[in-house]
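Chemist: Below, each chain spelled out in residue letters.
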Amino acid sequence: MKGIIYILSLCTTFFIAVSCSELLPPEPEQETVLAGPIEDLTPQQLRDHLVGDEQFGRIFGQEDGLGPIFVSNACESCHIGDGKGHPLTTLTRFGKYSGGIWDPMVEEGGPQLQNRSIAGYPPETIPGDATGVTRLMPPAVTGLGYLAAVPDAVILELADPDDSDGDGISGVPNYIQPLDYFMPLPSHIPSNGKYIGRFGKKAGAIDLLQQIVTAYKEDMGITSDFDLQDNFNIQAGLTTGDFVDDPEVSAAIVNNVVFYVRTLKVPPRRDENDIDVIAGENLFNQINCSGCHRPSLVTGFSDVTTLSNKTIHPYADMLLHDMGSELDDGYTEGTALTSEWRTAPLWGIGLAEDSQGGSPFYLHDGRASTLESAIGFHGGEASNSRDEFNNLSTNEKDQLIIFLKSL
Amino acid sequence: MLKIDMTIVFILLLLAPIFGQQDTSVVQDAIYDRPFITSDFPVALGGYLEGNTNYFSEDGVSEGFSMEFRRFNIFLYSTIIPRVRFLAELEFEHGTEEIAIETAQVEFEFLQALILRAGIMVVPIGAYNVNHDPPKYEFVERPLEATQIIPSTLSDIGFGFNGKIFWNNLLFTYDAYLVNGLSDGIILNDQGRTFLESGKSEERFAEDNNGSPTFSGRLAVKSFKFGELGISYYSGIYNSFQIEGEIVDAKRNIEIAAIDFNTKIEKLIIQGEFAVNSIDVPKDISEIFGTKQWGGYVDIVYPIIQANILGFDNSVINLAVRLERVDYNVGEFAETGKNIYDDINGLSFAISFRPASGTVLKANYIHYWSRDVLGNPTVKTAGFQFGIATYF
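Protein chains in written order, with the working numbering: chain A, 13 to 419; chain B, 540 to 931.
Heads up, a few of these hints could be off.
Claimed, not checked - Only some residues are given here: those of chain A computed to face chain B with a beta carbon under 7 Å:
{"no.": "1", "residue": "Leu36"}
{"no.": "2", "residue": "Arg128"}
{"no.": "3", "residue": "Gly391"}
Unchecked claim - Once the Cα atoms are required to be at most 30 Å apart in a straight line, the calculated DSSO-like pairs of lysine-lysine come out as:
{"no.": "4", "chain 1": "A", "residue 1": "Lys277", "chain 2": "B", "residue 2": "Lys675"}
{"no.": "5", "chain 1": "B", "residue 1": "Lys675", "chain 2": "B", "residue 2": "Lys739"}
{"no.": "6", "chain 1": "B", "residue 1": "Lys806", "chain 2": "B", "residue 2": "Lys675"}
{"no.": "7", "chain 1": "B", "residue 1": "Lys790", "chain 2": "B", "residue 2": "Lys703"}
{"no.": "8", "chain 1": "B", "residue 1": "Lys764", "chain 2": "B", "residue 2": "Lys822"}
{"no.": "9", "chain 1": "B", "residue 1": "Lys764", "chain 2": "B", "residue 2": "Lys675"}
{"no.": "10", "chain 1": "A", "residue 1": "Lys277", "chain 2": "A", "residue 2": "Lys322"}
{"no.": "11", "chain 1": "A", "residue 1": "Lys108", "chain 2": "A", "residue 2": "Lys206"}
{"no.": "12", "chain 1": "B", "residue 1": "Lys822", "chain 2": "A", "residue 2": "Lys108"}
{"no.": "13", "chain 1": "B", "residue 1": "Lys877", "chain 2": "A", "residue 2": "Lys417"}
{"no.": "14", "chain 1": "B", "residue 1": "Lys703", "chain 2": "B", "residue 2": "Lys803"}
{"no.": "15", "chain 1": "B", "residue 1": "Lys919", "chain 2": "A", "residue 2": "Lys417"}
As the list claims (entries may be wrong) - Here are the computed distance ranges between Cβ atoms for each label pair:
{"no.": "16", "chain 1": "B", "residue 1": "Lys822", "chain 2": "A", "residue 2": "Asp175", "range": "44 to 54 Å"}
{"no.": "17", "chain 1": "A", "residue 1": "Leu62", "chain 2": "B", "residue 2": "Glu637", "range": "18 to 28 Å"}
{"no.": "18", "chain 1": "A", "residue 1": "Pro38", "chain 2": "B", "residue 2": "Lys806", "range": "52 to 62 Å"}
{"no.": "19", "chain 1": "B", "residue 1": "Glu741", "chain 2": "A", "residue 2": "Gly388", "range": "51 to 61 Å"}
{"no.": "20", "chain 1": "B", "residue 1": "Lys790", "chain 2": "A", "residue 2": "Asp258", "range": "27 to 37 Å"}
{"no.": "21", "chain 1": "A", "residue 1": "Asp174", "chain 2": "B", "residue 2": "Val787", "range": "54 to 64 Å"}
No wet-lab data here; the hints were simulated from the structure.
Backbone N, C-alpha and C define an ideal beta-carbon position, used for all residues, glycine too.
Construct the entire structure; sequences and hints are all you get.
Modeler: Printed below as a string of structure tokens:
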């Protein structure tokens, strides 16, 4: 009888513990998390999203086809928690001007440096004759499905190549030659066989498929049905790969990852009704930061119904702007000038440091450790806004920064 | 997050054997310290099985409840002639998902202090790798240090010597073997970090991947009053630096050093282990695949009831706690000068019921705090497990 009491007492204690939800970790506040699917996906779409999520997190080893030269070993390694990257996984791209024509130095391993390699294989180095070298911090990937659903017509409407309104801000689309697997949508508007790029720091990718196929190959050295050729270190005279049969991932896997990225939720806002946030947003508009960082865009039709015809708040216009000499790395893609960068969406910027190890790295290469510093680097078309920011009172500057951190 | 500096805890607990009590078993004999070796037949057959339930939640997301049949292991033992003995262990994990020969060794006892061992053997790196049978433990999960830093169960083909030397009231044991060793998968694997478990190529039982044997050895001293303290070392080249005799890569070495202890203070049983890995990694990937790792754990077990319970004579109910930590990548980022994290802290509690010494029912609560390589917000994982493990 005594034994039964012992056992029952212990079982009761343990079952009480099991039933105590306090012993299990709670879900973080959703407004503090970038990752997660958009709402209103169908169960099938949600399943596809989760399949893509698994592939996004897949770590490639040498036996899986990683390399032979690469930058990182998983999508998730660069976009931890679907957020921004870190100097550890920052990409380097290079090229040179030759006779006034941009040369991405493909014959010397360009335009992207693969600074890591599999065992016994040499990594690439930057050729000595490269005139332009830029470092590109991986961006957050949340909300990209909505940006993909913005019709070209909306982007073109925002363009002002000749600065006809005289606000000092022009804004031009980057026209990109499509790759052979590109499938235009009705919302795409071609120009001389080229299409508007909208993804990447220079808007060098027309759609998410191009962005992700390129990332598989250039970042991880993973071939796919869309691009069967591995990168080799031709600088070292090597023309063979990693001895893993190609393709290393199927079209189905790539499409799953595209779907995953398309169906990530928009970055959540925080403290929207805070008095300083509201004041900061007014200042943001007043000094015309919103001239490039457009607060609202409207999506068009999408085959994912929940992405269709939605007003979104990316604080971006998807156009190229001249950002001045301080941000001119001498590197370019498509029709962009070396000083031109696509307006970076600001949504999610307040959560950047949660994927960057607690210390934010702002701007295209992570050179700015504070938002004030990042604003200070703005030149060219953003000079007026930067100067007006510098002329704000300390309190007003603080309010504007508080607003940015609420995004 | 655990605020306690576990390093200090481990160091303090390493001193615990000073306060220990008499116990005659040694880690070296763990493979023979199993209840099946009592038969009068020329070949003894035995084994153990282990199964459990899982209910875990990671940052509020749970996969729900599931059941797991972890292991079904069969032992074979034979005294071929006096002082020549054979031992084998065949392991089935998760049903037939993974089948492996963990041990198939022959020993020739020339002297008690000089025993030749050859075959597939459990490598003597740390105590847990040698002494890992689940019926001996109150926790369902193996310590992180013993799976993530030392890839238990690490067995390998090799040969070497072991023995025992008595001196005053102390028993010294040694093990020294050459084995084929771990291989290339330690780095550039699908774990995305330096991970010794991925270096356990099945081919190691057939041939060495680089023609350079690896040394594994352990020295231990047992005081029948205070407990046992062991140190072990494992070192060898892990990568395939040559193909058909042609050098195609630099030689890359792996070293593991471990210290282990167990003691008994009154009824309180304390055991633990601390291991450090040092791995040569190509410089261009050394921030992703760390060159140094360490981990450690301490189990503290206290029998709260020893009685006839439900008709089982000499039943024991134990309470246990485990503190553990692993750091997969010790170092700093070259560009930022900031710490590389990639670590896990763990705290676990157990209640176990042992109707016999080789049979245990376990109820565990586990909590892990994990940080990624950048030290982003800590991921919290916690859950409950009920398990059973028994020799037969």
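Chemist: Quick one: which hint numbers does this structure break? Sort them smallest to largest.
Modeler: Violated hints: 3, 4, 7, 8 and 18; rest satisfied.
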